[in-house]
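A.B. asks: Sequence:
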Amino acid sequence: MEIEIELTLVINIVLNSFILKLASLILKQRARLFVLWATLGGIIALVTPLFLMPIYCKILLQIFSCFLLSSLTFKFNSLKQFFVIATTITLMTFVFGGGCYALQNLIGSFPLFVVAIVGSVIYVASYCIIRYQQKRNIIENFCYKVKIIDGDKTIEEEGFLDTGNMLYDSISKKPIMLVTFDIFHKLYDNVSFINAFTKKTENCSIKNGHYIKINSVGSGTSMLIFSIDELIVGGERSFKNAMLGLSFSGFDKSFGKKILLHSELV
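Using my numbering, read the sequence shown as starting at 70 and increasing by one per residue.
It cannot be assumed that every hint is accurate.
Claimed, not checked - 20 Å max Cα-Cα, derived EDC-like pairs, lysine to aspartate or glutamate:
| id | residue 1 | residue 2 |
| --- | --- | --- |
| 1 | Lys322 | Asp251 |
| 2 | Lys255 | Glu225 |
| 3 | Lys216 | Glu305 |
| 4 | Lys322 | Glu227 |
| 5 | Lys309 | Glu226 |
| 6 | Lys242 | Glu299 |
| 7 | Lys222 | Glu299 |
| 8 | Lys214 | Glu225 |
| 9 | Lys216 | Glu333 |
| 10 | Lys243 | Asp219 |
| 11 | Lys322 | Glu225 |
| 12 | Lys216 | Glu226 |
| 13 | Lys242 | Glu333 |
| 14 | Lys97 | Glu209 |
| 15 | Lys309 | Asp221 |
| 16 | Lys276 | Asp219 |
| 17 | Lys216 | Glu227 |
| 18 | Lys216 | Asp298 |
| 19 | Lys276 | Glu299 |
| 20 | Lys214 | Glu226 |
| 21 | Lys309 | Glu299 |
| 22 | Lys269 | Asp251 |
| 23 | Lys214 | Glu227 |
| 24 | Lys268 | Asp251 |
| 25 | Lys243 | Glu299 |
| 26 | Lys216 | Asp251 |
| 27 | Lys204 | Asp321 |
| 28 | Lys269 | Asp258 |
Hint data in this document are derived by calculation from the structure and do not stem from the laboratory.
Given these sequences and hints, build the entire structure.
C.D. replies: Take a look at the structure:
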């Protein structure tokens, strides 16, 4: 019996640590002494079943525990900020509790160690989802609508602003916007991937086409640079005779965009 109580306390501490870690990730704020307050929450969860009380009282006690942990673990400067913190922790608590409850309804009662396994799975899944969504939000904040106009061809895509893209054409001294082969091929459908990749483009009549030496962003030691009639960024800024660079670096896999904007173009 004593071992079971100790195991229950340890599992509750672990679950509370998971909850505070996820809340810290969502709130983008470091939790203070979270192990100590996770232990306090574990003790509350351990002694609650010892008292006979209606289910709604247990729920209210759990919410009170979440509000208490919120006030002890995270900093807040206003009542609104406190309620955001408390709501986040409360929701995370019910996510873990709901997962265990759903499993119990599915297979019936299960040993305590299964609770730890379920909690770990929920934590890893929630962590991956939150990080993925945060990355998407960051990317979306740096995305702009781009229109490429060259002769009778018009391409509309979304581009990602890369503040680290500091490439300039050594001949025209203009900033270079990087594009994938998919974008390039829409402008020059007579150029095959193999020819573009192996730099056999001397007979392809690419407008102002030339190669420049690069150190990082593109693939290899040189990059094909060419011009287009007009580049429109964000529906507002227009650039005549803009310079584009064909990149095989695979940046579209990282950002989900086929155009990498230069900071000077935004």
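A.B. asks: Each of the hints needs a verdict: does it hold here or not?
C.D. replies: Verification of the supplied hints:
1. Lys322 / Asp251: holds (13 Å)
2. Lys255 / Glu225: Distance of about 11 Å is within 20 Å: holds.
3. Lys216 / Glu305: Cα-Cα ~10 Å, so holds.
4. Lys322 / Glu227: holds (14 Å)
5. Lys309 / Glu226: holds (18 Å)
6. Lys242 / Glu299: Since the Cα atoms of Lys242 and Glu299 sit roughly 17 Å apart, the hinted pair holds (cutoff 20 Å).
7. Lys222 / Glu299: holds (11 Å)
8. Lys214 / Glu225: Holds, because 7 Å separates the two Cα atoms, which is no more than 20 Å.
9. Lys216 / Glu333: This hinted pair holds, its Cα atoms lying about 16 Å apart.
10. Lys243 / Asp219: holds (17 Å)
11. Lys322 / Glu225: holds (19 Å)
12. Lys216 / Glu226: Status holds; Cα separation ~7 Å.
13. Lys242 / Glu333: holds (12 Å)
14. Lys97 / Glu209: OK: Lys97 and Glu209 at ~18 Å, within 20 Å.
15. Lys309 / Asp221: holds (15 Å)
16. Lys276 / Asp219: holds (10 Å)
17. Lys216 / Glu227: Between Lys216 and Glu227 the Cα gap is close to 8 Å, so the pair holds against 20 Å.
18. Lys216 / Asp298: holds (11 Å)
19. Lys276 / Glu299: The given pair, whose Cα atoms are some 13 Å apart, holds under the 20 Å limit.
20. Lys214 / Glu226: holds (6 Å)
21. Lys309 / Glu299: holds (4 Å)
22. Lys269 / Asp251: holds (17 Å)
23. Lys214 / Glu227: Holds: Lys214 and Glu227 sit about 5 Å apart, inside 20 Å.
24. Lys268 / Asp251: Holds, at about 16 Å.
25. Lys243 / Glu299: Status holds; Cα separation ~13 Å.
26. Lys216 / Asp251: holds (15 Å)
27. Lys204 / Asp321: holds (14 Å)
28. Lys269 / Asp258: holds (15 Å)
When held up to the earlier numbered hints, the structure conflicts with none and fits them all.
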